[in-house]
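Work out the full structure: start from the sequences and follow the hints.
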Amino acid sequence: MRRLLGDGPFDLGQDEPDLLDLALVGVAVAAALIALATDVWPIALIGAVPGLLADLVRVQRIPALRRVRRVLLDRPQRSLVRNGAAIVAVAGTPPDEAFFDFAALVVAVMAVHLALTLYTSYARRRLEEERADLQWRNLDVEGRRRGPGPLPDPVRRLLPLDGLRTLAALELLVLAGLALAASRVAVLPVVLAATAALLAAAIAALAARTWSGRGDPVRNTDAAVAAAVAALAPEVVFYFSSPASGTYALTVWSNVIDAVRRPALVVLREPIHLDALARMTAPIVVAPTVATLEAVTPPSVRVVLYPTNVVRNNEMVRIPGPMHSFIGHGDSDKVGSFSPLNRMYDEIWVAGRAAVDRYAAVDEGIDLSVLRAVGRPQLAEIRRAVPPTEEDQRLVVLYAPTWEGFFDEADYSSVARMGERIARGVLESGAVLRFKPHPLTGHRLPAAAKAREAIEDLLRRAGEGSGVVPNTPDALYTAFNEADVLISDISSVITDFLASRKPYLVTNPRDVPDAEFRALFPSSGAAELLGTDLAALPGALADAVGTDPRRAAREALAEYLLGAEGDPLAAFLDEIDRFVERADLRIRTSDVPEGVQL
Amino acid sequence: MTRSLLRDVVTAGLAIAYVVLVLAALLPVPLLFLVFAVLVVLAELWLSRQMPELLPPLLRTQLGVRFRLLSLDVLTALLAARFVPDRSLIVALAVVAVVLLHGGRDAAGVFARRREWRRGGGPVSWRNLTVRGLPVPGDPRPVGELSVPLALLTLLLPLGFAVGDVTDRPWAALVAGAVVVAVVALYLVGRVVQYVLLNRLSHDAVRERLQDAIERLAPQVVVHFSGRRGTVEQVLLWVPVLRGLGRRCLVVVREPTHIAALDGCGVPVVFAPRSQDVELFMVPSVRLALYPSDVTNINNHLIRVPGIFDVLVGHGDSDEPENRSPIARMYDEVWVAGPAGRERYAWPASGVPAARIREIGPVRPLPSVPAPPAPGGRPTVLYAPTWENVLDSTDLSSLVERGSAVLEALLARQDVRVLFAPAAPTGSRLAEYATAREALARRVTAAGFEHEVIAPEQIPAALEQAAFAVLDVSPLVSEAIRLDVPFAVCAVRGRAAGAMRAMFPTLGAGAVLEHLPEDVFLAVDDALGPDVRAPQRAAFRRRIDGEDPGGFAERFAGAVTEAIAAQQRRRAFARPSER
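Protein chains in written order, with the numbering used here: chain Z, 3 to 600; chain B, -17 to 561.
Keep in mind the hints are simulated off the structure, nothing from the lab.
All C-beta atoms in this analysis are idealised placements derived from N, C-alpha and C, irrespective of residue type, glycine included.
Nothing false has been slipped in among the hints.
Listed next, with one range per pair, are the computed distances between beta-carbon atoms:
{"hint": "1", "chain 1": "B", "residue 1": "E261", "chain 2": "Z", "residue 2": "A517", "range": "35 to 43 Å"}
{"hint": "2", "chain 1": "Z", "residue 1": "G151", "chain 2": "B", "residue 2": "S184", "range": "40 to 48 Å"}
{"hint": "3", "chain 1": "Z", "residue 1": "L161", "chain 2": "B", "residue 2": "L71", "range": "41 to 49 Å"}
{"hint": "4", "chain 1": "B", "residue 1": "L40", "chain 2": "Z", "residue 2": "H445", "range": "53 to 61 Å"}
{"hint": "5", "chain 1": "B", "residue 1": "V130", "chain 2": "Z", "residue 2": "F101", "range": "33 to 41 Å"}
{"hint": "6", "chain 1": "Z", "residue 1": "P448", "chain 2": "B", "residue 2": "L168", "range": "52 to 60 Å"}
{"hint": "7", "chain 1": "B", "residue 1": "L21", "chain 2": "Z", "residue 2": "F101", "range": "22 to 30 Å"}
A few chain Z residues facing chain B, derived, Cβ under 7 Å:
{"hint": "8", "residue": "T119"}
{"hint": "9", "residue": "P322"}
{"hint": "10", "residue": "G367"}
{"hint": "11", "residue": "R588"}
This is the structure we're talking about:
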């Protein structure tokens, strides 16, 4: 059943029992028992209140432990037990109240239950009738730029509460009636009971009318979304599916997606990613089912690009016509980058030769001719080295070490062992020093935390342009662009910095012999290595502004890791153009029937 | 009494009974309450055992039997409060008793399902394989919605009040309450102990023991199957071939519904519900994985296990879009029967390189002796529509659209015996298909004579016997061609006959039914008479099966050997230490 659970826009407040709800029912029953034992009826009424309030202000809580689910109570059952306990306690506690009051209140409780049940089942039925599964953003669908929104609640048109909460509120009237009846107040309990029962009936009737054939028209926005997409005639589709924690794999492509020169569409399979894409300007649709996915894949689509490698990619790849490329989301050393499943794509786009070599090393039946080195367009904003314009400009050194890792084997950090001496050495050479520690530095080792503070102290005293780089999203690449030289540890920082082709030093805090170190970490191949004695530091800084002997090595390594020279974004967009041409050729020879997805 | 009338009567009866219970509790009249409580509990037991589908949907879901019996419990407590308002102890005991009863009834179902789950093997299952230290799994029995003893126990409290009322001894209610509390408490303790005993072996331990058994078996070839209920035939098709292969094989199924049919088939079978189970069971001896179906994403779970050669083998030749799907690229190779299968993947939009397609001949052998003549003497005609498939866009079934017209046309002819054979998964996705199947089945049965509705597993035999068949685009078309049975296919989804033939080339060997009923009559006349398409069937048969259909076993064994060799070369190059 669609959209009834989890992140659906219409929460029926049911079928999501959890232990807290059960505990609150337990409170109501326990209170009733205490009331019976002590002959103090208000205890029972007070005991029913917490569960009622929970239903009234209910926000989505974490879904239950599924294994005990059948023993838990869902919404109507909760309120039945809660009210039942209260009524029994009041009835079983002297003074005995009038029969008629009591009967009226019991009937009111039942009326509320019935209304609750009818309301939810009308809503369910309406949701099943609707064809409003496709969500959209930045796309003109019948004049609306986003939609379709949750199922409109009929009670909300009259009150600031939805129907389910209003029905919960009616239970308050019943509890008040019980209290008055137990206090021997005449007439009022019956009035309250009648009010609750009538309002409940009215809400059920409203739901029945609104969600029946003669009420609100059944929303059928899916057809309109498909038509809007067909009118957009996208040629390039970015297809994305992942758990909520993986949204970043798409956001790293945001700048590329918005820069695509051809009509492009982002197709998501889960709505959970929408919030993170609020700033994206490209049209986005969420196609939760295979049928809706087909509906938003018009014949204009030439290429589909996949940042993640997930099972649901099959559902797009199986649609004949477009060509499909796995583009990944950055670090290509992960196992997922060369899964045997990657055979399903027509092409696999990687950053540079390094990734191609990795595919060759783990032969999983992937034809190496489908691999294309296209660079890393995310690094487009990193500028290349520019020749200094003013003679007296001071050298700017960026020291961006990594942190000490969760265990010693993963500790590549230079901060504790060398950090303070590196900082002094750079400052003594007359250069400006910028320090960008990994945010987790000092998380595990107090010595690292101490060294970090010492360096920060040093920089505060140095002044004159030296300082700590703030920990903001764009700060690292900005610091790259302002620096002439990087000093860093083994980490993704040095690979990304290579995009600038500027000189860099890599620390070797365990003094591994140079040749061995470079074989172990290819990304250090074009760097000056900095052992714990820092012997190489002054010479390396002098070389950086002087003869720069490793320049050619850096160019070669950068190309190996990151792809060919040039603006990586422009290169990537050019590759999309060529890919569209390749797909176009195939589609023209395929005779794909128009409008028939087979 | 018709079913809908029965439903209305039962619904009204239940409604009246519950209203009476409310009144009896409020007034209070314990004896009346007892009588109606007995009626209600007996009715609920009867409904849940005999007629679980009778009540309207609302009374099966939100206002289902759990909710109704919970209401009875609450009313029982209310009766207590009204009957002896000045004896708080009795009322409190009644409240405790009904809460326990509700919990006990729910727990009974949970524990019973748990027990049956363990009987079936627990977190995994297996057949035709000895697993040390684990009992041989059986087929789980269905668990009723309502436990009889606990439902009957619900009546003890009202009985206590009724006895107390009639004999003027309210302590009878106290005794009833105490007995209920004690019995349910003991029951729950017993069930918890049973649960703990059943689960003393952790899920991981069960999986590891099965993994040990698989390691001892050391299979080289794995068949990975996922499909809907009733599709196990697609695996059974490959079982004789695997047995004749001379290599150790293992069948991995991903849904429990297939296990029973594979019991005793001669090849070890394991049921692996989770993707992690698949990874666990792919012991280092596994070289080759064969996939008889490709309609779900679940094959990914095995394909992504590195170091195994993956082959889509399918379950018969057809023009269905699945047989030229671009997703076939994710396999190392696709094995087809003959040139017809190869040419489908030559469609550029498939993007499957020609080098990855291999012809191995038809897995389904042709009968060596001709089928026995049909009883009665009238020729047999078969209508075997396919199912609605997993998506509207790949739905090629004629059942709902034209099924009735086809059957009426066939039945209208007095000179043929009609067999109606809907595909096994029919209606598993769309209820209207199940409804149409039932309606047509009733129609055929009502027509009498020798007309029959036949079970899906009898379709191959029926096709052998048939003088003519009306089919949908499915592997049955190729089977009809191979068996040299004249056939026709319905034009569906508004396509004209020409469009059907263009999309599905194999229809070149049969008739396309566009205008009903006249096209049916013409096709039957031709099949029983001149049979003008016999030469086309012969030609298509060579293209479906290839030139050497008899040598299938050797070709298949050769293909397996080569695939394993390819896998070994890769392993030797990539990670020599691992495999």
